[in-house]
Amino acid sequence: MSGPNSSYDPVQVTPLGEEQVFAMRDEALAAIAGAADVDALKQVRTDHAGDRSPLGLANREIGALPPQAKKDAGMRVGQARGAVNQALAARQEILEAEAEEQMLVTETVDVTLPWDRTPAGARHPITLMSERIADIFVAMGWEVAEGPLVEAEWLNFDALNLGADHPARTMQDTFWTEPAENHVVLRTHTSPVQARTMLTRTPPIYVVCPGRVFRTDEYDATHSPMFHQVEGLVIDEGITMAHLKGSLDHFAQAVFGEGITTRFRPSYFPFTEPSAEVDLICFVCRGSGVVDAGGSASVQCRTCRGEGWIEWGGCGVVNPRVLVACGVDPERYTGFAFGMGIDRTLMFRHGVGDLRSFFEGDVRFARAFGTEI
Amino acid sequence: MRAPLSWIREYVDLPAGVTVEDLAARLTALGLKLEALEHPGSDLTGPLVIGRVLTMEPEPQTNGKTINWCTVDVGDANGTGEPQGIVCGAHNFAAGDLVVVVLPGGVLPGGFEISARKTYGHLSAGMICSAMELGLGDDHSGIIVLPADAGEPGDGVRGLLHLDDDVIEFEINPDRAYALSLRGVAREAALATGGVYTDPAQRDVPAPNAEGYPVVIDDLEGCPVFVARTVSGFDPTAVTPRWMARRIQLAGMRPISLAVDVTNYVMLELGHPIHGYDADRLSGPIRVRRAVDGEHLTTLDGTDRVLASGDLVVTDDSGPIGLGGVMGGETTEMSATTTRVLVEVASWDPVAMFRTGKRHKLTSEAGKRNERGVDPTIPEAAADRVVELLVEHGGGTADPGVTKVGTAPARPTVGIAAGLPARVTGMTIDEATVVANLTAVGCAVSGSGSLTVVPPPWRPDINDPFDLVEEVARIVGYERVPSVLPPAPAGRGLTQEQLFRRRVGRTLAGAGYVEVLTFPFVGTEAFDALALPGDDPRRTALRLANPLSSEAPLMTTTLLPGMLDTVARNVGRGSTDLALFEAAPVTLPSVGAVAPILPVDRRPTADEWAALERAVPDQPLHLSLALTGERELAGWWGPGRKATWADAIDAVRTIAAALSVEVEVRAAQHAPWHPGRCAELFVAGTSLGHAGELHPRVCKAYGVPARTAVAEINLSLLLEHAVAIVPGPDFSTYPVAKEDVALIVRDDVPAELVAATLRAGAGPLCESVRLFDVYTGEQVGAGHRSLAFALRFRAPDRTLTETEATQARTAAVALAAERHGAVQRA
Ligand SMILES: [Zn+2]
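Residue numbers (numbering that gives the first Met the number 0), protein chains in the order written: chain A, 0 to 372; chain B, 0 to 825.
Any given hint might turn out to be false.
Said to hold, decoys possible - One-sided and incomplete, this derived list gives chain B residues near chain A with beta-carbon spacing under 10 Å:
(1) R422
(2) L597
(3) V773
Stated by the list, open to error - Across the chosen pairs, the derived CB separations fall in these ranges:
(4) A:D353 with B:S308: 45 to 51 Å
(5) B:T575 with A:D164: 52 to 58 Å
(6) A:D164 with B:P207: 46 to 52 Å
(7) B:A443 with A:D353: 38 to 44 Å
(8) B:D535 with A:A220: 34 to 40 Å
(9) B:P795 with A:T107: 46 to 52 Å
(10) A:A220 with B:G684: 45 to 51 Å
(11) B:A656 with A:A96: 45 to 51 Å
(12) B:H38 with A:D328: 49 to 55 Å
(13) B:N91 with A:A220: 42 to 48 Å
(14) A:G350 with B:S334: 55 to 61 Å
Please keep in mind that the hints were generated in silico from the structure rather than gathered at the bench.
Where is the CB? At the ideal position from N, CA and C, for every residue including glycine.
Okay, chain B solo, but in the shape it has when bound:
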């Protein structure tokens, strides 16, 4: 809402010394937030005066244009009293006309400095101005021609043109719809400054009678009040007075024609939308009803709209002529030939307004006010004000007929304990203050201790005691709310799971991984690029009805697309050695479950709650990571070490170890991994996810370097197995006995399996088994490899003899031989 200060002042007597900045700050503190403060006119300086055109010589130019060489009487404004010679390109004036002249030394909006300059063979000393050049709107039909009685040549013209004003632009919250009017802003300004307020809606209006235009309302709930007045003999050529056009312009709307401008002006003034019809284009009585599904209406914006049964329509014998409260229809629109104007001021059901606006994707100044709720008690005043202005400036006469159908619904009373504002805000607010402040916002207050309050008709947002508390509190001043810490009971700190999650992040960051956050939106192309098979469950994703991009309408089921895009972006920016991770939920759609819209006047029942929970998709936390380039950089110390599939697997093991979880690694074939370099990770027999090298085709599809390694696991699942209380280790301090074995096995026997077998075969004395070398070559034969393990033995209660260690080692090797055909290498 943009409110010109001159207009605010019309309804509130601002105390002396209150600057526009003060006013804006005080209104902000009351809840009308200052968005911008403008000083129109301040960008136009220097001599701006009335000039009388004395002579005007048209001079055709070689470029086809004709300019006018004019002499203009500007009185003594030029210091000489001599006529001023000015070249002017416009033609909408004649010798003898009064025009607006800016003399050399003046500066027009946009920093355009005026000086005497040579042009078209003349010395042009000034400029005859159009409205647009003066910042008075976008009318560029020609220069401004003032009425003959506007003044004398040389007179200043700023006041005449209503150039100077201050405009406060507010951000209006949905609950303060009344402040979408000067009436409302001025009321708040009075509250803010203590100035005396005059309500512009308070006026004597003619009583309704039977002579008015016939109106029938079929749906009084949708349209509780309809007022109609008619002005006849209206001069369609009459122009909007300069002050009105200027105010409409400063308020952010466009002046159009007198009849339209008057309805907009009064809407801005009183906050009530108004619609004007060309009365001669109406046929038969007006009827307000709900639309029939499929009915058509072409609205003022030229759009043919198919109506739905929820829409409220204004009709006459021809059918729908307007979408009630939202936008009028084309067939009865006021035009340049309209001489009879029917003024409609009707109150509409805000919910219907909201739905219709949404259904037809229509936002209008009228709709914006109607859907938030307007004062239903002022249609008569608004209609009367429109009639007054039309008659005054358009020269018609007001018909005696006054139509009024329906009445404004009474406001329900709200009970409030006088102590509630203090109890809710923590401020000291006595009963007298409560009553005074509620009265100041327009409430009727009665009773004591327990107050009965009738909210004012322009405040449909006030319905509850707590609404009243806010009204009281904002006038007392939010700045007076004390600052007191609440007495929270002893808390239990973070949950174990929250602590585990932090641990995962810290562990990976400590291992050199950088955390990233990616958007969860993907398209099927992302799954194709991962080369997921057609029946891969990851392709079943929750679809958004209104995605930002039609290419990414799905809620992702895997973090890999976002991760790989991030890798590609980093590589593109020159960061080629990468280790990244992300921990974020993915969405696994629930099939067909409806999340019921439950009542809000009570707690949901257990069944209702269960239904709600069921319908919310499962969103397990996933962890993805990716590596490319060098894991350890090359440097003066020697070559680097490339990141490989093994790093990805190790990262998962590292996290698991940090959570004291044992993971089992098995070879797997799973998109998007390289079929020979993919590990599936298990915890307690359940699959956690996969890690390894990305399939070369997937690397290409995502534009990431070849051999990029990735992992993705279900972190929620891993966290379920995390050990909160790690048992303290019980270790022996006796000497260790070390034994190394090299076993030749077929190369399809997983090392992990051989190690496990050794561990099992070595018995309880075996402290650890660690693979330290893998050898392939002639010595071990084709299809085989040699795995070298370091075994450590130790007893809890004694020093092991050489024989004991050897026996344990022999047993381990024997079991490996039995299970895997392992042969000890000589």
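Just chain A, same shape as in the assembly:
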């Protein structure tokens, strides 16, 4: 507690000489400069700037002085105290900075230590590619249609101009369910979604349908009883093969990059007429069939086996017979459809050599693709 100084004796009061005050100040400044750390400085503050410090006491004595002396002494002591406080603050700042510096140094860690505490999650590349493809078409105003995997035979075949005695049925080795007279199959392509879409929507129809399909193929590096397709279907007035070409060119560029276009070759699918195979200009050699092998040498492109083109899928103008079976007026509307393998697209886009990688569920596979493709 601070109280009146009991030892105060005005008689003993001697005028505070300049030298005396300066000496106190200098002593204080020297102590401040000598304080090694914040704690030491705290002691210095008490000793040289506190109430009981020489300057503190001197300050208190001022009040007892005659007016003129009071003024002079007040000024001298005030200046001295000011200088001391300033020095204290400055020293405090320096010492705090030094202390912080020191603390930061001692707290240094090895930032190369791993923090792989939670293994990374990932989505399946087929899911990612299906979504990417859907997004490409959604961006053009199309919608994403879906259908069941176990499907009515009529929708998988007959409605698509593939009657029971159509030789092309043997092109698609079908899983049949029991009993056979129920006429239920595992869909062999995503095309039944075409039929479902036409039967449940009214034109104009612009849909894309990624999904699983099944064929009785033995499981090996390039075949699988389950794989994935993406189907596209457009039904509108005035639709032509040119619109099909435009859509697929856009699709190809969106998936494989600028300048990657498609080529049509006449082909045959019962549900389209005219029909075409779609080839993609090889995005590795860009159609040349060869790639640089260092220096001036070049070797055959492995992605397209030197052909410059990659088989991508099938497409065509929707056969009017399909329109009729699905209740679309063939006089008023035309349409196009296409189907590509999603697994296949991934295989050559990412250089995946073995189809089985998609279905083995090895976490190392999906993790390599992460969450966006």
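With chain A's structure known, arrange chain B with the ligand on it following the hints.
Leaving out everything else, chain B with the ligand in the frame of chain A:
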């Protein structure tokens, strides 16, 4: 289809400068897709010449073999004119014979280099060749002995042997059956190159007469045309000429005997299957009819077949002698003693061919063509060509009798607007081009503006205007189709459900789960391994009639078998810390519903559509997940945290939270889970599925680590409850009042229930109740545990007083005491 270029050239005058590569590329652009390009003969290089065997000394060897030490005159081909000494292991020749000799420096197919080498005590300088060694087929009966007039020793022999050719192998689509012949390929080659085409089926044939072999057709729909010719005095020992055998070989078939080779050769040439009978083994007239159910026939392949009423059979007095258009019968087969050949060229109903082929699992070169449809106007030409070749090379005479029953059905005309090709393809195609291109593929075109088109008889695939559009377009060139984006109307983007599904995947991936895709095929063993009770509905699965594996004939009703197999596979490969998920449909079989085969000439009626929908099994989307090993890995930071039953349950809660759905968790006992560590998850009172720790026996059965945790829920059901539009929260900014309570309850009281009670008892001021500790031990007594909850209170409009918070907390504890006998722990 494999087409030798030399054969194509016989019918089309290819313009100079068109290489085989050009031709293949142009044909591919027309729709005959190049499969492979081969250059037979190119793998045989160096001196290959005629040699005359001068001397031939048989020399028995110690190994039991006898070799012949021969001297062979090869003219000047060896550079010296001196006889060449050659060791030969074959014996089917004699001194004086002309043989084929490859001299040192030559290379045989397979990279076999010929050099003078020491063998059997002689310096053998070359090799006397067999057909097989030269790549001329699989005849290894001995070395080639050339006819005496083949040439002079030292003459080159490549041309004589028809060694060199180019072969284009095409992939032929089912609609282009005509291209399963040189006639068809050459026609396309003419279209592709502008070369002049000569139709090999165009020939003068003798008119049918009454002297031919008697033939009766009972079923003109099944067999509209039947032509028969006979060759007598045929020499069964006559050999197939080298050029014919070579072409048959290059076309991918095997030369067999002259009579068989001729029928195959003409089939390849004209595309029309032909059958030859040993006429002396026929008894009585030939009759074509549908088989009687249960009739038997042993076909050429030696198989005894039970016929069905749909099969078309060729019969004579002895009964069935052939499966019409598919395969002949054994009893009338041509043999090494056949001197009278009856040649049958008949057209068959493609549908019947397809069905018979399928029924008897028979694929043959004939069947392949017949089921796709052949030109029914050329049987006479084909038969005449066969007769010509048999007589020319087999030395017989053509009988004057010519049988022809039936006529080729007329092709229906197709009407097409001249503007249709342009309208459908988006290319500029004028009427003149339409007419020219249709004419070029063999159509008869009349009219203008609205065209009337008669498709050619070899194109049974052309029936509709759009078929004609394709013909026009492929000749104009698909490469000329412009690239134009269609004017799609504004779309609505992904559906809410599609967006939700993506959200589920992202949420789980974000939580460290890796997505997998598994096959839906399982067997009952998979259900047994899950220890499903006998009456578990998951055992009722849709069965496949033709599964890839008899061990997995069912469409799965649960994703767990595939998931657990995937876990085991990963663990086996060294990935032991796993968190996996799969979202995929399962199949719940519909009972006995038939999916009708509806008509295709109109839209299904509402009833028909409903019947179809009913018959398609329900296929709800399921979500499965599995965890094993460490959920958080051990490391320099300290120990890891093992994945447990709680992670599996939490994953479901996490997904539900991402969809703004509240799930309720209740204890359950359900296979394949550990009976004490299984939660059933509910949304709005409906069960979603289960989560928890796998039963130890199931872990063993699937070979996955002990304590593997799994969950499986009906994701479709969860998505139905997902909240599309989440209401913005309305929260208070006044200070929070925190109160902790520890309640001692019996240990069979679920924590979730106690929390709910506290929430209910605390009233509207209670912001949250969170369990933060569970304690068991002496202090709480046996059969009991202490649950510690942190309660947060807050009012929307004011700072709560201490009394208010305490009162709310007291009310909460009181309700817990009342409902669960909870005692507050001191
Ligand atoms: Zn390439």
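Verification of the hints:
1. Contact between B:R422 and chain A, as hinted, is supported at the beta carbon level, the nearest pair being about 7 Å apart and thus within 10 Å.
2. Because the beta carbon of B:L597 sits about 5 Å from the nearest beta carbon in chain A, less than 10 Å, this interface hint is met.
3. With a least beta-carbon distance of about 24 Å to chain A, the hint placing B:V773 at the interface is violated under the 10 Å criterion.
4. At roughly 48 Å, the beta carbons of A:D353 and B:S308 sit within the given window of 45 to 51 Å.
5. Taken as a hint, the range 52 to 58 Å holds for the pair B:T575 and A:D164, whose Cβ atoms sit roughly 54 Å apart.
6. One distance hint, 46 to 52 Å for the beta-carbon pair A:D164 and B:P207, is violated here, with the actual separation near 31 Å.
7. In this structure the supplied range 38 to 44 Å is violated for B:A443 paired with A:D353, their Cβ-Cβ distance being about 53 Å.
8. Evaluation of the 34 to 40 Å hint for B:D535 and A:A220 yields a pass: the beta carbon distance comes to about 37 Å.
9. Look at B:P795 against A:T107: about 48 Å separates their beta carbons, and that is inside 46 to 52 Å.
10. Range check, A:A220 to B:G684: Cβ separation about 49 Å, and the 45 to 51 Å hint holds.
11. Evaluation of the 45 to 51 Å hint for B:A656 and A:A96 yields a pass: the beta carbon distance comes to about 47 Å.
12. With their beta carbons about 53 Å apart, B:H38 and A:D328 fall inside the hinted range of 49 to 55 Å.
13. Hint check: B:N91 to A:A220, Cβ distance near 46 Å, so the stated range 42 to 48 Å holds.
14. Between A:G350 and B:S334 the Cβ separation comes to about 57 Å, which falls inside the hinted range of 55 to 61 Å.
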